[in-house]
Amino acid sequence: MDPSELFDTDDWAAATEQAVEALFQEAFVASAQSAAAQFGITFDVHNERAVAWLGSTTRKFAKDITETTLAAITGELQEAYRLGESIPQIRDRIRSVFQEASKTRATTIARTEIINASNAGLLETYRQADVAQKRWLTARDERVDSICWENQVAGPIGLEESFPSGHTAPGAHPRCRCVIQPVVGAKSRQLVGSKTTADILYAPVPRMAEVRCQVCHHLLAKNVSDGEFVCSKCSRGNQRLYVIERGVLIEERRL
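Counting in our numbering, the sequence shown runs from 12 upward without gaps.
Be a bit skeptical, because a hint or two may be false.
Said to hold, decoys possible - Below, simulated DMTMM-like cross-link-like pairs (lysine to aspartate or glutamate); rule was C-alpha separation at most 20 Å, straight line:
1) 74 x 21
2) 244 x 221
3) 233 x 262
4) 71 x 103
5) 244 x 263
6) 233 x 37
7) 71 x 37
8) 233 x 221
9) 71 x 153
10) 74 x 111
11) 71 x 22
12) 74 x 22
13) 74 x 32
14) 74 x 103
15) 74 x 28
16) 71 x 28
17) 71 x 59
These are calculated hints, taken from the structure and not from any lab test.
Work out the full structure: start from the sequences and follow the hints.
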């Protein structure tokens with residue numbers, strides 16, 4: 012059986028692109044505007060580089076997800092054929108591919124891409140603020156990947172230069188938690204007026220003003236950047252999990 016008969020790659024890619032476009036844009040713009048405020052400037056949302064980044068990243072993401080899913084389906088069909096499995100068994104194999112994509116893999120991808128979009132927004136803000144140099148900042152704990160440590164150790168580099176990993180900004184790998192920092196020079200200090208270097212050294216983390224249960228509208232949290240929340244007011248059958256990453260709701264599902 013031809014996997015493309017079960018999985019229309021063009022339709023799937025188009026649907027994926029449409030689904031994630033707003034999420035990427037929200038993370039990019041929220042991060043950029045937050046950083047711009049620290050520099051005392053207004054972020055240009057319609058800047059050609061920003062528009063181009065959002066478009067190309069969304070298309071590439073949709074294409075990669077589609078190809079990965081198609082490869083997984085192909086692998087399952089080949090294994091089913093080798094084992095001589097029945098139609099119900101093949102159906103279960105295909106179903107498992109989409110279940111995996113909608114749970115574990117989807118969460119990992121969402122968190123990774125939110126970090127990427129947020130840092131891309133920061134980098135574009137630094138360009139508009141005329142920052143000359145940047146540095147890579149890790150979470151500084153035992154979970155930090157060796158690639159990210161090397162990028163941090165590299166210290167300040169030119170704004171358009173690449174870090175040792177080859178990246179111009181985080182993330183460097185799935186679930187990367189790093190952030191790009193501006194290295195403030197004399198020209199940049201003129202932009203922020205009375206603000207000091209310490210005021211803008213660390214890139215601000217976007218926050219969600221409040222998290223509310225979508226079932227009973229109970230307030231779960233206020234002013235949060237990251238976390239997982241479950242409504243204690245809802246009955247067990249109606250409870251939902253809300254996952255916030257860098258001020259954006261990236262997952263909502265029934266428990």
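Here's how the hints hold up against the structure:
no.: 1; hint: 74 x 21; verdict: holds, 9 Å
no.: 2; hint: 244 x 221; verdict: holds, 17 Å
no.: 3; hint: 233 x 262; verdict: holds, 17 Å
no.: 4; hint: 71 x 103; verdict: violated, 29 Å
no.: 5; hint: 244 x 263; verdict: holds, 17 Å
no.: 6; hint: 233 x 37; verdict: holds, 18 Å
no.: 7; hint: 71 x 37; verdict: holds, 18 Å
no.: 8; hint: 233 x 221; verdict: holds, 4 Å
no.: 9; hint: 71 x 153; verdict: violated, 31 Å
no.: 10; hint: 74 x 111; verdict: holds, 18 Å
no.: 11; hint: 71 x 22; verdict: holds, 15 Å
no.: 12; hint: 74 x 22; verdict: holds, 11 Å
no.: 13; hint: 74 x 32; verdict: holds, 13 Å
no.: 14; hint: 74 x 103; verdict: violated, 25 Å
no.: 15; hint: 74 x 28; verdict: holds, 8 Å
no.: 16; hint: 71 x 28; verdict: holds, 9 Å
no.: 17; hint: 71 x 59; verdict: holds, 18 Å
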